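Chains A and B are the protein sequences, given in the same order.
Using my numbering, you'd call the opening residue of the first sequence number 1 and step up by one each time.
Using my numbering, you'd call the opening residue of the second sequence number 1 and step up by one each time.
To be clear, the hints were calculated from the coordinates, so they are not data collected in a lab.
All values derive from a computational prediction rather than experimental measurement.
Yeah, the Cβ is synthetic: ideal placement off N, Cα and C, and Gly gets one too.
Treat the hints with care, as some may be off.
Stated by the list, open to error - Covered stretches of chain A, going by a simulated chain B footprint (3 or more residues, C-beta under 8 Å):
| # | stretch |
| --- | --- |
| 1 | 7-14 |
| 2 | 21-31 |
| 3 | 62-73 |
| 4 | 112-124 |
| 5 | 175-182 |
| 6 | 247-258 |
| 7 | 264-271 |
Said to hold, decoys possible - Ranges between beta-carbon positions, derived for each pair:
| # | chain 1 | residue 1 | chain 2 | residue 2 | range |
| --- | --- | --- | --- | --- | --- |
| 8 | A | Gly260 | B | Trp141 | 25 to 35 Å |
| 9 | B | Lys203 | A | Ala99 | 46 to 56 Å |
| 10 | B | Met210 | A | Leu22 | 13 to 23 Å |
| 11 | B | Leu192 | A | Phe144 | 52 to 62 Å |
| 12 | A | Pro19 | B | Phe164 | 29 to 39 Å |
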Amino acid sequence: MKKRSYFKTRSLPYLLILPQILITVTFFYWPALQGLVASFQLSDPFGLRTRFVWFDNYVALFTDPLYLKSIMTTLLFSGSVALVSICVGLFLATMANRALRLTAVTRTLLIWPYAIAPAISGILWLFLLHPSYGVIAIFLEKWFGLAWNPLLEGSHAMLMIVLASSWKNISYNFVFFLAGLQAVPHSLIEAAAMDGAGPFRRFWTITFPLLSPTMFFVTVMTIIFSFFESFGIIHTVTQGGPGGATNILVYKVYQDGFVGLNLGSSSAQSIVLMALIILITVLQFKYVERKVQYTG
Amino acid sequence: MVEKTPALDLFTYVALIAGIAVVGFPIFYAIIAATLPLEEVSRVPMPLIPGDQLFANLATAWNRGDLGTQLLNSFIMAGGITFGKIVVSLFGAFSIVYFDYRLRAVAFATVFCTLMLPVEVRILPTYEMAANLFGPLQPLWDALGLNGLVSWFAGHDISVKLEFSLLDSYAGLILPLTASATCTFLFRQFFLTIPEELCEAAKMDGASPMTFFWKILVPLSKTNIAALVVIEFVYGWNQYLWPLLITTDPKMTTAVIGLKHLLPSPEDPPDWHIAMAGALIVVLPPVLVVLVMQRWFVKGLVEREK
Numbered sequence: 001m002k003k004r005s006y007f008k009t010r011s012l013p014y015l016l017i018l019p020q021i022l023i024t025v026t027f028f029y030w031p032a033l034q035g036l037v038a039s040f041q042l043s044d045p046f047g048l049r050t051r052f053v054w055f056d057n058y059v060a061l062f063t064d065p066l067y068l069k070s071i072m073t074t075l076l077f078s079g080s081v082a083l084v085s086i087c088v089g090l091f092l093a094t095m096a097n098r099a100l101r102l103t104a105v106t107r108t109l110l111i112w113p114y115a116i117a118p119a120i121s122g123i124l125w126l127f128l129l130h131p132s133y134g135v136i137a138i139f140l141e142k143w144f145g146l147a148w149n150p151l152l153e154g155s156h157a158m159l160m161i162v163l164a165s166s167w168k169n170i171s172y173n174f175v176f177f178l179a180g181l182q183a184v185p186h187s188l189i190e191a192a193a194m195d196g197a198g199p200f201r202r203f204w205t206i207t208f209p210l211l212s213p214t215m216f217f218v219t220v221m222t223i224i225f226s227f228f229e230s231f232g233i234i235h236t237v238t239q240g241g242p243g244g245a246t247n248i249l250v251y252k253v254y255q256d257g258f259v260g261l262n263l264g265s266s267s268a269q270s271i272v273l274m275a276l277i278i279l280i281t282v283l284q285f286k287y288v289e290r291k292v293q294y295t296g
Numbered sequence: 001m002v003e004k005t006p007a008l009d010l011f012t013y014v015a016l017i018a019g020i021a022v023v024g025f026p027i028f029y030a031i032i033a034a035t036l037p038l039e040e041v042s043r044v045p046m047p048l049i050p051g052d053q054l055f056a057n058l059a060t061a062w063n064r065g066d067l068g069t070q071l072l073n074s075f076i077m078a079g080g081i082t083f084g085k086i087v088v089s090l091f092g093a094f095s096i097v098y099f100d101y102r103l104r105a106v107a108f109a110t111v112f113c114t115l116m117l118p119v120e121v122r123i124l125p126t127y128e129m130a131a132n133l134f135g136p137l138q139p140l141w142d143a144l145g146l147n148g149l150v151s152w153f154a155g156h157d158i159s160v161k162l163e164f165s166l167l168d169s170y171a172g173l174i175l176p177l178t179a180s181a182t183c184t185f186l187f188r189q190f191f192l193t194i195p196e197e198l199c200e201a202a203k204m205d206g207a208s209p210m211t212f213f214w215k216i217l218v219p220l221s222k223t224n225i226a227a228l229v230v231i232e233f234v235y236g237w238n239q240y241l242w243p244l245l246i247t248t249d250p251k252m253t254t255a256v257i258g259l260k261h262l263l264p265s266p267e268d269p270p271d272w273h274i275a276m277a278g279a280l281i282v283v284l285p286p287v288l289v290v291l292v293m294q295r296w297f298v299k300g301l302v303e304r305e306k
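Bound conformation, chain B alone:
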């Protein structure tokens, strides 16, 4: 601070404390609610002193919402998206930055046109695609007259329908959400800041491209990878629309979606303590990841902008 302004300093601290209190209030209130029995939570207004029912409520939420299965699904989905996006993007950015080939500009444009466009803008056709991954190949199959070939081979008329569904599968939850260029963009930006001499030296030492990639590029990208792990994990964990569409089997759904079933409807008893206990369980993994990896997370977020 440049000059001494005690009044402004005081205001600063008061404002910060008030801000933190307001931002923290919903979660504080949820924690209190999760510790209370039903009679207390439905008392008007709800007491602000924690009760002793936390573990009972957590257990009820866990069993009623089948959270064990759903959390596992969330972990697989978030982990898969994180891993898939980062690996695919590392290869992609390496190809775009370190090789000179004829279709490089085309590849670059193809990938980067998808920047910023979320899956939400094309849900219907993406859903159709996932429902039958081979659908687009059917016209080709028909056009080539392959049905006739198969019929001739089998000795009677057969019409082949190509079908391969990703509905209610982990691949269906993960793959469509990895089709985004944000990570590739970040790695490309980072690779462009790495001095060329490094690559020259590696080449002079007789390193193959893949040796250069694994021994030099990937270790140098460690902090970027760490940052993206946090961002993509949170992104994957918190997905809503896509898992809602692609899963119909309750055993395949994710925890964020499943939580809706713990919400009391007007006919039910007002089990808000159970809903809040469930919410606490589901927000815990991503919140922990963000708090523990804060440094990388902030770095990754802010670098994304550049």
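Okay, chain A solo, but in the shape it has when bound:
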């Protein structure tokens, strides 16, 4: 950190940071600690008796086929959402960046899904894909003879939540990619054009590498979004079904903890999720450090 001209007041800085520390300790550290302790305990559903069981909850978790299936479901879901929303976001941003005069207009027209709650995005897509009323479902049936039913068919349900989730994410990714594209020095592009590189070649050899930090950041954020915020989509649209086909990790924590009252298992699941996010964050910070070096 840079040298600052510090104020020399003794107690004021503590007073200033106090609200933040109080809130963080009360609603972050204490619950996180409680969760960690609970993840080593086994208690009956009424919380009357608890027993310390070391890593039993974790062992049970990683030998439970339902949990392993939930991990796979989460990976499939997050991976698909990241792939769809990043490809579409990057494509639209590249197009908007080319149509220079219309950049502001396209941004306005594409930015607003960001403001829509995941739960509502789920409701909108359920309406489009509903087996008996949804317009897309009807045309799938009419044109392709496909018996589309996301309420009964697991893979259809997964496709539905991937669409709802990606749709909401496109605008967020678009904003970042557009900002990244606009930061690419124009002189570089011109120099390459003068050397005879066509638009596609310029994109792959200059723009795309310069965009890689943005790409990395956007990927991390999209994955974190699909891990947590898509809870609203799952809860309004599929409730983890049919047959657990959309039961992603965060929904399972809720199901096991608040519906099934299996406190130990739910806590252990929370800790696994937390560890996962910490890992992703650390990776990102390492990468951001490197990025600072080469952009000066």
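Starting from the known structure of chain A, fit chain B onto it as the hints suggest.
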């Protein structure tokens, strides 16, 4: 553009229009549905020409979903989170950047370890905490033998249970979600770019730290504050899991949660026009905020990354 490529330009415009159409379609379809009567909306396929029932449907959705109460709750929750986060973070970042004190490194680490970790990863214990805010103090109370003291004072045996619940309260909706370091991080980054001379000059003029804070730092942070207002308002408005857990009273729930009750279940008549009308009402405030404050919003988002 560097060279003239008419074919690529044409492709660009076609692709953009197609992209906007695809992204806009769900909302367009919802708007149409919200203007139709029940017979039309349940016709297969639904007509794509708007009907004249928009206001009737909006009114039905409003009354059936008790949206008036729930929108007010959403406003209080989103406003509270926005205000709380920004104020707490401004103070916090000011303390961390502009003061030199012994526990500064500890304070810094304590706050920034929470970066990126959403409330979803610790819902169960946070819920327990909110259900009884004084729960953690109970062992302390017992250990200090205060029960004995109270019993002696009252003249008969009393066992005191400390209890203070945040369930079904605005504080419960707001406080746990303000425990995040993102705003503090952004303000810290911004404060570090402010030239030191400004602080030196203020000190030479005899300004106290708080005068410097209110007269110089806060006005300089105006654009950052505006950006965070948009981001945090949208964040607060769109919360789902936390309000779902902490509210059981329908009068305390938020609009995004309440909307689920407007969804037609298989036994009900397929009132999709009402559900869509309700959805339009609930998405309007955050969408308006984002569209009107677009410039700050984008600035805030992109700066968050740096």
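Evaluation of the provided hints:
1. 7-14: Our answer is that it holds, as 7 residues pass the Cβ test (under 8 Å) against chain B, meeting three.
2. 21-31: holds (count 10)
3. 62-73: violated (count 0)
4. 112-124: holds (count 12)
5. 175-182: holds (count 3)
6. 247-258: holds (count 5)
7. 264-271: It holds: at least three residues are needed, and the stretch 264-271 of chain A offers 3 whose Cβ sits within less than 8 Å of chain B.
8. A:Gly260 - B:Trp141: 25 to 35 Å: Given range 25 to 35 Å: holds, Cβ gap about 32 Å.
9. B:Lys203 - A:Ala99: 46 to 56 Å: holds (51 Å)
10. B:Met210 - A:Leu22: 13 to 23 Å: Distance hint for Met210 of chain B, Leu22 of chain A holds at roughly 20 Å.
11. B:Leu192 - A:Phe144: 52 to 62 Å: holds (57 Å)
12. A:Pro19 - B:Phe164: 29 to 39 Å: violated (18 Å)
Figure legend: structure checked against the earlier numbered hints; hints not met, in rising order: 3 and 12.
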